[in-house]
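A.B. asks: One-letter residues, chain by chain:
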Amino acid sequence: MIRNKDTNLLAKTKFKQRKGRSLVSGCLVSLGLVTIISFLIGTKGVSVAINKLYNLPHENFYWASEYLTGGYQDINHDYYKKKYSKNNLEQVYEMYTTSKSYTIDDDYNANDYDYMGSEQYFLNFVDDDILNDYLYGDSSLERISDDTIPIIVPLDYLYTLADIDTQEITLKEQYEKNQTLLDDFVGNDFRMYLIESTSYSSAPDHYELISDEDVEESCRDTNLKVRIVGVFGSGDYFLGSSYSDFVMPLWVIQDSKLSSDLGINKKEVSTTLYYKFNSRKDRAGLVDKSTTVYPLDTLKQYAEEPMKYMRYIGVGVGGLFMLISTFITFFTVNKIVTESRREIGVYRAVGARKKDVRKIFFRYSLLIMMIGFVIAIIFSFVFNATISLLWGRKLYYIMALSAISFDYKMPLFLFVGFPILELFVIWLISMASGYVAAYIPAHRASKMDVVKALRDE
Amino acid sequence: MDKNTVEESLKYYLRKAFLEDFDNDSKRMLRAISEFINGIEIIQNKKSTNEFGSEIISLENVTKSYKVGGERIDALSNVSLSIKEGEFIGVMGTSGSGKSTLLNVIGGLDKPTSGKAKIGEYQLGKLTDKQTGEYRNTMIGFVFQFFYLQPFLNVRQNVEIPLLFRGLLESERRKISEKIIETVGLGDRINHLPSQLSGGQMQRVAIARAVVNNPKIILADEPTGNLDSRTGGEILDLLSDLNREKNTTIVIVTHDESIVSRCNRVFRMMDGFLTE
Numbered sequence: 169m170i171r172n173k174d175t176n177l178l179a180k181t182k183f184k185q186r187k188g189r190s191l192v193s194g195c196l197v198s199l200g201l202v203t204i205i206s207f208l209i210g211t212k213g214v215s216v217a218i219n220k221l222y223n224l225p226h227e228n229f230y231w232a233s234e235y236l237t238g239g240y241q242d243i244n245h246d247y248y249k250k251k252y253s254k255n256n257l258e259q260v261y262e263m264y265t266t267s268k269s270y271t272i273d274d275d276y277n278a279n280d281y282d283y284m285g286s287e288q289y290f291l292n293f294v295d296d297d298i299l300n301d302y303l304y305g306d307s308s309l310e311r312i313s314d315d316t317i318p319i320i321v322p323l324d325y326l327y328t329l330a331d332i333d334t335q336e337i338t339l340k341e342q343y344e345k346n347q348t349l350l351d352d353f354v355g356n357d358f359r360m361y362l363i364e365s366t367s368y369s370s371a372p373d374h375y376e377l378i379s380d381e382d383v384e385e386s387c388r389d390t391n392l393k394v395r396i397v398g399v400f401g402s403g404d405y406f407l408g409s410s411y412s413d414f415v416m417p418l419w420v421i422q423d424s425k426l427s428s429d430l431g432i433n434k435k436e437v438s439t440t441l442y443y444k445f446n447s448r449k450d451r452a453g454l455v456d457k458s459t460t461v462y463p464l465d466t467l468k469q470y471a472e473e474p475m476k477y478m479r480y481i482g483v484g485v486g487g488l489f490m491l492i493s494t495f496i497t498f499f500t501v502n503k504i505v506t507e508s509r510r511e512i513g514v515y516r517a518v519g520a521r522k523k524d525v526r527k528i529f530f531r532y533s534l535l536i537m538m539i540g541f542v543i544a545i546i547f548s549f550v551f552n553a554t555i556s557l558l559w560g561r562k563l564y565y566i567m568a569l570s571a572i573s574f575d576y577k578m579p580l581f582l583f584v585g586f587p588i589l590e591l592f593v594i595w596l597i598s599m600a601s602g603y604v605a606a607y608i609p610a611h612r613a614s615k616m617d618v619v620k621a622l623r624d625e
Numbered sequence: 139m140d141k142n143t144v145e146e147s148l149k150y151y152l153r154k155a156f157l158e159d160f161d162n163d164s165k166r167m168l169r170a171i172s173e174f175i176n177g178i179e180i181i182q183n184k185k186s187t188n189e190f191g192s193e194i195i196s197l198e199n200v201t202k203s204y205k206v207g208g209e210r211i212d213a214l215s216n217v218s219l220s221i222k223e224g225e226f227i228g229v230m231g232t233s234g235s236g237k238s239t240l241l242n243v244i245g246g247l248d249k250p251t252s253g254k255a256k257i258g259e260y261q262l263g264k265l266t267d268k269q270t271g272e273y274r275n276t277m278i279g280f281v282f283q284f285f286y287l288q289p290f291l292n293v294r295q296n297v298e299i300p301l302l303f304r305g306l307l308e309s310e311r312r313k314i315s316e317k318i319i320e321t322v323g324l325g326d327r328i329n330h331l332p333s334q335l336s337g338g339q340m341q342r343v344a345i346a347r348a349v350v351n352n353p354k355i356i357l358a359d360e361p362t363g364n365l366d367s368r369t370g371g372e373i374l375d376l377l378s379d380l381n382r383e384k385n386t387t388i389v390i391v392t393h394d395e396s397i398v399s400r401c402n403r404v405f406r407m408m409d410g411f412l413t414e
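Residue numbers (this note's numbering), protein chains in the order written: chain U, 169 to 625; chain S, 139 to 414.
Source of the hints: derived by calculation from the structure; they are not laboratory data.
Among the hints, a few may not be true.
In silico DSSO-like links for lysine-lysine, alpha-carbon gap of 27 Å or less [claimed, not checked]:
#, chain 1, residue 1, chain 2, residue 2
1, U, 187, U, 173
2, U, 620, S, 254
3, U, 523, U, 173
4, S, 354, U, 522
5, U, 476, U, 220
6, S, 249, U, 615
7, U, 615, S, 264
Below, a sample of chain U positions facing chain S; criterion: calculated Cβ distance under 7 Å [to be verified]:
#, residue
8, 171
9, 519
10, 618
11, 620
These numbers come from a predicted model, not from an experiment.
Backbone N, C-alpha and C fix where the C-beta goes; we use that ideal spot for every residue, glycine too.
Model the full assembly from the supplied sequences, consistent with the hints where possible.
C.D. replies: Here it is in structure tokens:
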């Protein structure tokens, strides 16, 4: 009985005998496998990103706006961590619940309002580089935790909120060009502006604008009980007269204490809030009462659904290719058997059993499949990595926006996942195809009449 | 060795060396003389009958028939023979006389239509696939006219093929094959591919492949048919050596008369019938 390793030795001679044809067969096999594998690892990569985006732990919030708008200039990681610790947020909440018409004292002491994000940063504000850093990732931002949920709010909304005359917007033009950056990845759905205010202390009072009623009204289509505690700009005050109010992160109450106040489950809140922006381009979902609020799980499903179909398409089309390539492998093995008549005769004459002969040709067929598989794996990963670099970022930010979360650390290769189990199954299937392809030829080889095989023409 | 055989053989070489018309071709004459001297050596080295062991090949009324176009053709008709261990047997006959079929039946490649064929302990025709494999692997070594080497394996790997089917480990195989390759005089070509060898060298490799499993019987079908006479002679020397040193039984099918002198016995085949 021939050993497996030695079967390989003989199978390889078959490969060498018909190198071109064998390689072509292998490549055809890989074509089918590439389709399957590429779709699988691609969708896996995206799924992983989706899961990460939608399942961000919402404890220890940071407000992205801090970083966005210049607050990060004096960034101190620990400081921000503390600032947005649960404890501080609770205080904000308390303040909100106890004094609805809270107005900001012009002569405030920074320390008093520390918990509210009231440091006075004189924000020279977002230049293109900073914006780029935020949008496209930068090492200086890597220090930011994953746990941030910024929402970009249309300026119109801000105008409404703050009752600001559009005349006040003096730097609008400058930031129009930032809009093009945004357009790059979110299309026209979101707008980004800067309000320039003459004084950071002249903040309008926003609490009255975002009332419980507003929130409940906007959530009326769902049974969610959510409450917006504040609309924060970065820098000073709540929506202060900061230079940088174009980004307003919304804080979702999800702390245990607050949750119990509201009578809802903490987890539920943290995973079910979503503001849909796209029904009206220039309005924030929150204040647009006609906007539907979707639970996060539903959104996650929406995001994952296409992935599912992509997988079906990949497996379907790839499977079809595999079927064709199995046929082609069959013809290749068959031809090799015919051409190996003499050799089969010699092997049988020196003591090979029928089984040994079959094994050689099965092994040869598997060799073709293996080559196909290896080519497919390498090609798929390279291909998907390239696609990731080309288009991954754009898709990622669309996903991130729909999840109301910017994960600062975008995976470098969005379309590259590692579905180990699936790959293993594909490996098994391709080996099985190898067996199927070689079944008839291998049996033909083993049944060959030795005398005829050795007869000279 | 009986007197008659010696005389016969000497006559053959004498005739070849001196009675031929050389047309003043001194080279050919010299070669003939050296062949004569070789011939004497061969005769001297030949085993005598009492050196042979017990019966190893026994055919009793073996018939092998084929049907060609509805007509029955007997490639072997009632062939009976008995060969003892260590004999050097020649089988001569015109092509189509059935000599290759005889070899195939002995080698277990072909099953007799009727009759008994017992080789060693093996009753041919009744073996399973596994036993057939084992029989061919351990009892028989085949040498073919066209060598039939695997072109993509080197000398060592080619020689090791029978060992592969015995399931030996590479280290074990290497030990055996290298020794054999050394014996057939190809120690310096061990990693060459067949395409880098001459015809004689290829046949040496084939012989090494045939004997690597230390078989009891070597069946050679026209082993020199594809070689020039000198190289052919060397190959036959190699087989004679094996016969003498390892007591391997050798059956050579040929129509080269020069082989007769080396054989203990010569069978002649004609139309499926065997005569001694």
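A.B. asks: If a hint holds in the structure, say so; if it does not, say that too.
C.D. replies: Structure-based check of each hint:
no., hint, result
1, 187/U - 173/U, "20 Å, holds"
2, 620/U - 254/S, "23 Å, holds"
3, 523/U - 173/U, "15 Å, holds"
4, 354/S - 522/U, "23 Å, holds"
5, 476/U - 220/U, "17 Å, holds"
6, 249/S - 615/U, "15 Å, holds"
7, 615/U - 264/S, "17 Å, holds"
8, 171, "6 Å, holds"
9, 519, "3 Å, holds"
10, 618, "5 Å, holds"
11, 620, "10 Å, violated"
Hint 11 alone, counting from the list given before, is not met by this structure.
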